[in-house]
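Student: Protein sequences appear in the order of chains A and B.
Read in order, the letters of the first sequence are residues 1 to 253 in this note's numbering.
Read in order, the letters of the second sequence are residues 1001 to 1133 in this note's numbering.
There may be inaccurate statements among the hints.
As the list claims (entries may be wrong) - Below, in silico cross-link-like pairs of lysine to aspartate or glutamate (DMTMM-like), each with a Cα-Cα straight-line distance of 25 Å or less:
#1 A:K38 x B:D1061
#2 A:K38 x B:D1119
#3 B:K1054 x A:D146
#4 A:K183 x B:E1057
#5 A:K83 x B:D1119
#6 B:K1090 x A:D77
#7 B:K1054 x A:E42
#8 A:K81 x B:D1119
#9 A:K38 x A:E225
#10 A:K38 x B:D1072
Honestly, the hints are just simulated from the structure, not real lab data.
Remember, predicted model here, so these are calculated numbers, not experimental data.
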Amino acid sequence: MSDNFDQNRRDFVSVASKAAAATLIAPGVLLQSVAHAKPRSEPVSDENRYGLLIDTTKCADGCSDCVTGCEKENGLDMLLKPKGASDESWERQRPRWIRTVKVKDRLSGHVSSLPLMCQHCEHPPCVDVCPTGASFRRADGIVMVDRHTCIGCRYCMMACPYKARSFIHENVQLRPTVAPRGKGCVESCNLCVHRRDNDVAGTACQDACQHGAILFGDLNDPNSEISQALKERNHTQLRADLKLNTGVRYRGI
Amino acid sequence: MVNTITRLILIAALVFSAAVSGADRKNSVIEGSKAAELDACVAPTALMRREHFKFIEHQRDITVHQGIRDTDHSLSGCVDCHVAKDTHGKHLPIDGLNPETAEKQFCAGCHEYSGVQLDCFSCHTNVPVTTGK
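Same shape as in the complex, but just chain B (with noise of 0.2 Å):
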């Protein structure tokens, strides 16, 4: 009898925590940017959440070095697919808010949320800039 009151409260557990790891992965990936589209991102959900900074790490020594820009994991990549549009059809800075609905953006929802500075767009533009060729 215990055994089985044991596995409902595990079963119930794992229901609750897929339902709350679903509505997360929807809050932070922002509608509208070519991300909401898609499945997954470039590797599974989890381990971009925990190791994303580590791929972008890698890359930009590789890239900046070597020159190799063809990799998965390359910052304007990032940008380019998480992006999202006001309603003017105008790019949002992914690390910004949106003015209009006071959403915090890709990047900024959780960093701001985890209390971890973002440096890449001190340098890096956080909307995508075309120029020339």
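Next up, chain A with everything else stripped away, as it sits in the complex (with noise of 0.2 Å):
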């Protein structure tokens, strides 16, 4: 009985999310792939490990495509200026799961431009210096915060070679269901795992980059996109000697 119940629940609820999805949509946000949204069952394993490709060579100067739309998806953008804060301070303390970067080979002057996040280490420094074990390393390689346990301690920031976590300063107005942030945490790029665990494919970044610099994909599956590619030609680890085997490579630095 409670089965059918439960059952009959399931099939509204589909149907009212469907029916919303139908009239929600707006210029600029993709409602219907939730309708398609196939909720992970199974726990995450190590047969996966995800990571970026970022091609600097095809990363135009002065492009932020990248940072906008990881922004705007994961609700960085909802975050509004702290009164009295000054305008060089908010853009120095903000938190940014992508920050574009310039750097430069002192031999040759050669500048390349490029998306920096969470790096996605095999062997994470934030996840050795963690005291409460808030940030951990999926199975599947992805390098989170889990907030519940987060006291702000802001270890691994220190911890992280890459810069790549942001603090929460202040308290949050506004923040979307899938990417909840609160004061007192740390946070960073989770490669959208609300798409991992609901079955939609690549990451915010990949979709926002207009020149596809970013290619997203499986690490351990040898026939992806991204590990053929990877096979094909040569790419770096970003700071290789500290051999924390980073899930984000690059290619033209």
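Using the hints, put the two standalone chains together into the complex.
Tutor: Below, the structure is given as structure tokens:
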């Protein structure tokens, strides 16, 4: 009986959400994918290891589409500058999951412009130093913060060689359902984990990039596009000397 | 004779308590939310009242660490189903008041009455907010 009821309820919710998806579509908001989303029912496993390949030769100087796409999807653009804060301090401290960085080769003077986010290390320093176990690496290689146990000590921010983590300094008024956030916790790129768990392809940064510079995929699947691309041509890890075996790889630097 | 009176009192008490719990249920689920159109939550109402925080806490750990998102006990599921709208069709915060009627919303009603502080919504959104995919 209860099973029957449960099924009816699910049908109802599913119909209702499809109806909502059909009626609420606004420009730039892709709600129709919600109807197709299939939530994960099995625990993530190390059969997958997710990562990114970023071709900096395709990155246009001054372009920040990936940053904008990420902020839109993960609700970072909903954060407001605290009252009394200067523009300069807000720009310096506002939470960002992707930063655009320029690196210059000292010998040749060659400049590359690249997006820098959490590198999803196999041996993440942020996880090593976390005193509560809040900073953790999921079985599928995604390095995340469990904000239920984060105490906001910011050791991980100190430990990260890539300066990839941000801290939420103030109370947050508005945030999306997929990315909860609140004052006193650290956060960083989670490879759009809500998409991973709901069977939606790609990442927000990949979708936003008009130059095709960002490729997301499964590094453990030899047939995935990213594995093929990595096999085919040379690539580098940032600060490879640290032997962190990063999940995010770069070309052209 | 005494026995009959005792029985009558017992029956009256049962009927009264059933009436009270029926009235309670109407008060806790907000009119105009999806939940108001359904017979029961993901588990019987009495169980949900007593144990909902255990369900949510258990779900939170398996969702964050194992990525499992298809179980019945997600907080966003609670919000989606129990959130109500104001007369302009705007979602009302589930842990707040309806400014038009001063009616306490689904979470706020019981939590304020029982004096149990609700921390979920210092990080989680108290109305459904969709972005991107």
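Student: Checking one constraint from the list: CA of K38 (chain A) to CA of D1119 (chain B), max 25 Å. Satisfied?
Tutor: violated (29 Å)
Student: Given the hint that K1054 (chain B) pairs with D146 (chain A), does the C-alpha gap stay at or below 25 Å?
Tutor: holds (18 Å)
Student: When you check the alpha-carbon spacing of K38 (chain A) and D1072 (chain B), does it fall within 25 Å?
Tutor: Distance of about 14 Å is within 25 Å: holds.
Student: Are K183 (chain A) and E1057 (chain B) close enough, with their CA atoms no more than 25 Å apart?
Tutor: Answer holds: K183 (chain A) to E1057 (chain B) is near 20 Å, not above 25 Å.
Student: Holds or violated: are the alpha carbons of K81 (chain A) and D1119 (chain B) at most 25 Å from each other?
Tutor: OK: K81 (chain A) and D1119 (chain B) at ~23 Å, within 25 Å.
Student: Can the restraint linking K1054 (chain B) and E42 (chain A) be considered satisfied, given a maximum Cα separation of 25 Å?
Tutor: holds (21 Å)
Student: Sort out whether D1119 (chain B) lies within 25 Å of K83 (chain A), counting only the CA atoms.
Tutor: Cα-Cα ~24 Å, so holds.
Student: Assess, step by step, whether the Cα of K38 (chain A) is no farther than 25 Å from the Cα of D1061 (chain B), and give holds or violated.
Tutor: holds (20 Å)
Student: For K1090 (chain B) and D77 (chain A), compute the direct alpha-carbon distance and say whether it is at most 25 Å.
Tutor: holds (21 Å)
Student: Given the proposed pairing of K38 (chain A) with E225 (chain A), does the C-alpha separation stay at or below 25 Å?
Tutor: Judged against 25 Å, a Cα distance of about 22 Å means the pair holds.
In this structure, only the earlier hint numbered 2 is contradicted, and the remaining ones agree with it.
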